[in-house]
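J.: With chain D's structure known, arrange chain R on it following the hints.
Sequence order for the protein chains is D and R. Residue numbering for the first sequence follows our numbering, beginning at 1483 and increasing consecutively. Residue numbering for the second sequence follows our numbering, beginning at 1483 and increasing consecutively.
Worth flagging that the hints you see were computed from the coordinates, not collected in a lab. Where a beta carbon is used, it is the ideal one built from N, C-alpha and C, also for glycine. Among the hints, erroneous ones may be present.
Here chain R is said to cover these stretches of chain D; the calculated rule only asks that three of the stretch's residues, wherever they fall, bring their Cβ under 8 Å from a Cβ of chain R [as the list claims (entries may be wrong)]: (1) 1485–1499; (2) 1516–1528; (3) 1805–1812; (4) 1823–1832; (5) 1863–1877.
Listed below are the simulated EDC-like cross-link pairs for lysine to aspartate or glutamate, each with C-alpha atoms no more than 20 Å apart in a straight line [what the hints assert, rightly or not]: (6) K1681(R) to D1703(R); (7) K1777(R) to E1633(R); (8) K1681(D) to E1604(D); (9) K1777(R) to D1680(R); (10) K1873(D) to D1585(R); (11) K1561(D) to E1600(R); (12) K1541(D) to E1531(D); (13) K1583(R) to E1494(D); (14) K1583(D) to D1703(R); (15) K1561(R) to E1600(D); (16) K1561(R) to E1609(D); (17) K1681(R) to E1782(R); (18) K1870(D) to D1585(R); (19) K1777(D) to D1715(D).
Partial list, derived from the structure: chain R residues whose beta carbon lies under 10 Å from chain D [to be verified]: (20) R1485; (21) I1522; (22) L1533; (23) R1589; (24) R1590; (25) G1605; (26) E1609; (27) L1706; (28) L1708; (29) D1748; (30) G1843; (31) I1860; (32) R1881.
2 protein chains.
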Amino acid sequence: MARPAPLSGFPEWLPAQRAVEQQVIETLRRTFELHGFAGIETRSVEPMERLLSKGEIDKEVYVLRRLHADDSEPDDAAKQLGLHFDLTVPFARYVLENAGKLDFPFRRYQIQRVWRGERPQEGRYREFRQADIDVVGADTLPFHYDVEMVEVMAEAFAQLSLPALRMQVNNRKLVQGFYRGLGVEDVAPVLRAVDKLDKIGPAQVHALLTDEVGLTAQQADLCLRLATITGGDAAVVDEVRALGVTGDELEQGLHEVALLLDGVRDVPRDGFDVVADLSIARGLDYYTGTVYETKMAGFEHLGSVCSGGRYDSLASDGRTTYPGVGISFGVTRTLAPLFSRGLTATRSTPTCVLVVLVDEGSRATSRECAAALRERGIPAEVAPAAQKYGKQIRYAERRGIPFVWFPAEASADGVAAVRDIRSGEQVPADVASWTPPDDDLRPQVVQPAG
Amino acid sequence: MARPAPLSGFPEWLPAQRAVEQQVIETLRRTFELHGFAGIETRSVEPMERLLSKGEIDKEVYVLRRLHADDSEPDDAAKQLGLHFDLTVPFARYVLENAGKLDFPFRRYQIQRVWRGERPQEGRYREFRQADIDVVGADTLPFHYDVEMVEVMAEAFAQLSLPALRMQVNNRKLVQGFYRGLGVEDVAPVLRAVDKLDKIGPAQVHALLTDEVGLTAQQADLCLRLATITGGDAAVVDEVRALGVTGDELEQGLHEVALLLDGVRDVPRDGFDVVADLSIARGLDYYTGTVYETKMAGFEHLGSVCSGGRYDSLASDGRTTYPGVGISFGVTRTLAPLFSRGLTATRSTPTCVLVVLVDEGSRATSRECAAALRERGIPAEVAPAAQKYGKQIRYAERRGIPFVWFPAEASADGVAAVRDIRSGEQVPADVASWTPPDDDLRPQVVQPAG
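Extracted from the complex, chain D is given alone in its bound form:
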């Protein structure tokens, strides 16, 4: 077999990188569970008709075909199976399918891979992992859950060593209400044009709004002025009001943005802040109120690493409508660029202690030492072979294993000892009581240099 090459867009991690990812996932999971979110997973596939039902026909979905497909395979393309491209569409389906067995409001988290057949580049992958939380109600869902999404994610972020994060929030009712207050009837093309502000700049958006969408120059001016409003407190509400547009929907949106900013006042601010940014729109069209986006300092080119919003009618079975609010953290999108810049772990193995082997005949003794350490939660393994101690120590060194254990049989004075191979310090020790420093128990995250 020739040495295989990586597949573009399908990232894989070395063991030390995976140790970092695993710790990130565990932190997310622990935080979500402390807040009472139940973990679920959905199957990786959905019928194509469901994947494409949101009207985004340009989605790059992966379609599945069995290699030995037979007559039982559906001819109808819509009945074929495709890999899910996010965790929201399958979750909406899961809620409908199991509505009779779930209790609402239903709080769930979901950490899974998703697939998109897009052209790979930094921050965009064909297979990647997301971590979502959502709360879904039956027919109604109070606004305080919009606040809770931010609170929970902020608490998780505070435990991860990531670059500073800035969450930008907006509200569809505010924006659409503003456009309608201006006399615009079809708001979707305006949203789409303003969404391009980052890419093409205000002059071109203005041209789009007047020449293609058909707004007056004054209407376009006001749309652009709205999109430039940003701030961390209720002053943004006053700035919007100062533009002189009115209407019930706009008022409701302003009220919700003010509630949200007020609700997250106490959110931990160390490397994380929340600002209203009235240019934020989110591409997907199912959002109906709050929308969230999050940029990582120094990595703004990746786009948003944590996004979501309120959707009042993502799922409905005719009798009941299930409104929800959710937010999705891009685990791979966040970690992959950090890995490529050197983020890693102190070692490539969970092993904290390597127990040396005196000779093959005493393997049982060394195994017992390792078992006694494991019994107390200390990851330990026995050296692969009874080589010279120098070779056994190098086995540990290469992997970053911090400690080497010498059973009583291995030392001249017949007393077991443990050596910190970084300092070379060796001290007598008892497997029943010796404990490594907390920082050495598990691989620790190592930030990129510089």
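T.: This is chain R only, laid out in the frame that chain D set:
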């Protein structure tokens, strides 16, 4: 949207079932890491040529196609991507791809989904999860790792509440050496015929061996007698020797089986035992020494739930060969039938304490109570709305949340209190010090009735 129906072969779990699965995965992960196995994950896809390279052209692989495939898509079917059907083929590829960055012997675990387009039935799914451990060496790998595989899995099983498990071990060298000692040159057809013993019985296997494989009646007799030998200690070696066949390869196999049985003598035996069963062959043809299979008491019809073996040349880059030994636990195959018989958890949410809400104005107070509990590792959430206390308590009851917290504002005497809603007992309590019984902190596994 009409209520969606489940997809046959793609099982999904309700939140309480997923809580059980999550605990099983955490136990496996903790055990593997204590033994120094590094966790890795591989991408879900491999080029078809790699998936099909093991000669099993009848594999039911899922092939991927981008919905909007363009000219950059390979025409050559072998270059197309398919979903992996096990974790061994991708692991072998990962080892070759990253050999320069890994240290050998390399110990890894991998817990991931795999896909097979087979006809679904109990114990056989189109999407399911496996948990694998493997140790891979560069050019050589000592036999003691064959013992360690059993030791590690047994330790994990001892912490799971599963029906009794019996691991059956055999050795390819023993069986092939025996056949060759009998004068059989092409051993593969004999292996395939004997592998059918369970399904078609000894008379038919005998007929196959004589009529189709071309053995003499006496050779066929001896092959069948070998396959009936079973036992938990070195007596099996004497039984084989009593058949009067000799040869170096056979001797090596006998030696290894004896070593394995001796090595696992001390493995915890509570609900888990290991026996040599010389009929065990394993379908895949890359095994070269030890093979493992595991049956679950009362669920023998599922086939093996934990299988693997030694492969001396699964991966090779021309210069270096990477021999390995590994074992794979079928997480879904084991849990799915138990779920359908009632295995579940005590509650459908991680929440241990529901903090009641006096009125919307005091939500901040209730949130602080919940935050103080979470600070000490107690999962807590605030009631969704300031309904009558009876309604708030029923919210907890429906989800199996064991405790309801009344902030000071909610009680007549102004002292905070906690109620165990199962007993109705209510006591004064302080968020800074109250602790639930250990068993209530997380959802507990509930075994099927009967």
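J.: All hints are to be evaluated individually against the structure, with a verdict given for each.
T.: Now for the hints, and whether the structure bears them out:
1. Restraint check on the region 1485–1499 of chain D versus chain R: 11 residues with Cβ-Cβ distances below 8 Å, three needed, restraint holds.
2. With 12 residues carrying a beta carbon less than 8 Å from a beta carbon of chain R, the region 1516–1528 of chain D meets the three-residue requirement, and the given coverage holds.
3. By the rule of at least three residues with a Cβ nearer than 8 Å to a Cβ of chain R, the coverage given for the region 1805–1812 of chain D is violated, with 0 such residues.
4. With 3 residues having a beta carbon nearer than 8 Å to a beta carbon of chain R, the region 1823–1832 of chain D meets the requirement of three or more and the stated coverage holds.
5. Counting residues of the region 1863–1877 of chain D whose beta carbon lies closer than 8 Å to any beta carbon of chain R gives 4, which reaches the threshold of three, so the coverage claim holds.
6. Restraint check: the Cα-Cα separation between K1681(R) and D1703(R) comes to about 18 Å, which is no more than 20 Å; the hinted pair holds.
7. Our distance criterion of 20 Å between C-alpha atoms is met by K1777(R) and E1633(R), whose separation comes to about 17 Å.
8. Proximity of K1681(D) to E1604(D) is assessed by CA-CA distance (about 17 Å); at most 20 Å being required, the pair is judged to hold.
9. Among the hinted pairs, K1777(R) with D1680(R) is consistent with the structure: their alpha-carbon atoms are about 13 Å apart, no more than 20 Å.
10. For the hint linking K1873(D) to D1585(R), the alpha-carbon distance of about 14 Å falls within 20 Å, and the restraint holds.
11. Of the supplied pair hints, the one linking K1561(D) and E1600(R) holds, its CA atoms being roughly 18 Å apart against a limit of 20 Å.
12. Restraint check for K1541(D) and E1531(D): satisfied, since their Cα atoms lie roughly 12 Å apart, inside the 20 Å limit.
13. Between K1583(R) and E1494(D) the alpha-carbon distance is near 13 Å, which keeps this suggested pair within the 20 Å criterion.
14. Restraint check for K1583(D) and D1703(R): the C-alpha separation of about 57 Å exceeds 20 Å, so the hint is violated.
15. A C-alpha spacing of about 18 Å is found between K1561(R) and E1600(D), which places the hinted pair at or below 20 Å, so the restraint holds.
16. Distance restraint check for K1561(R) and E1609(D): the Cα-Cα separation of roughly 18 Å lies within the 20 Å cut-off, and the hinted pair is therefore satisfied.
17. With a C-alpha separation of about 13 Å, the suggested pair K1681(R) and E1782(R) falls inside the 20 Å cut-off, and the hint holds.
18. About 18 Å separates the Cα atoms of K1870(D) and D1585(R), which keeps this hinted pair within 20 Å; it holds.
19. Distance check on the hinted pair: K1777(D) and D1715(D) sit about 19 Å apart at the alpha-carbon level, within 20 Å; holds.
20. A hinted interface residue such as R1485(R) counts as satisfied when its beta carbon comes closer than 10 Å to some beta carbon of chain D; here the least separation is about 5 Å, so the hint holds.
21. Given the 10 Å rule on beta carbons, the hint for I1522(R) holds: about 5 Å separates it from the nearest Cβ of chain D.
22. Restraint check, L1533(R) versus chain D: the minimum CB separation of about 9 Å is within 10 Å; hint holds.
23. The restraint placing R1589(R) at the interface with chain D holds, with a minimum CB-CB distance near 7 Å, inside the 10 Å limit.
24. Annotation: R1590(R) was flagged as interfacial toward chain D, and the flag holds, the nearest CB pair being 7 Å apart, inside 10 Å.
25. Hint status for G1605(R): violated, given a least beta-carbon distance of 17 Å to chain D, over 10 Å.
26. Hint status for E1609(R) relative to chain D: holds, with the closest Cβ pair at about 6 Å, below 10 Å.
27. Taken as an interface hint, L1706(R) does not check out: its beta carbon lies about 34 Å from the nearest beta carbon of chain D, beyond 10 Å.
28. Here the hint on L1708(R) is broken, as its CB sits about 30 Å from the closest CB of chain D, past 10 Å.
29. Satisfaction of the interface hint for D1748(R) is found here, the shortest Cβ-Cβ separation to chain D being roughly 8 Å, below the 10 Å cut-off.
30. The interface hint given for G1843(R) is broken, as the beta carbon of that residue sits about 12 Å from the closest beta carbon of chain D, more than 10 Å.
31. Checking I1860(R) against chain D by beta carbon gives a least distance of about 8 Å; that is within 10 Å, so the hint holds.
32. Satisfaction of the interface hint for R1881(R) is found here, the shortest Cβ-Cβ separation to chain D being roughly 5 Å, below the 10 Å cut-off.
Hint compliance for this structure: hints 3, 14, 25, 27, 28, 30 are broken, all remaining hints hold.
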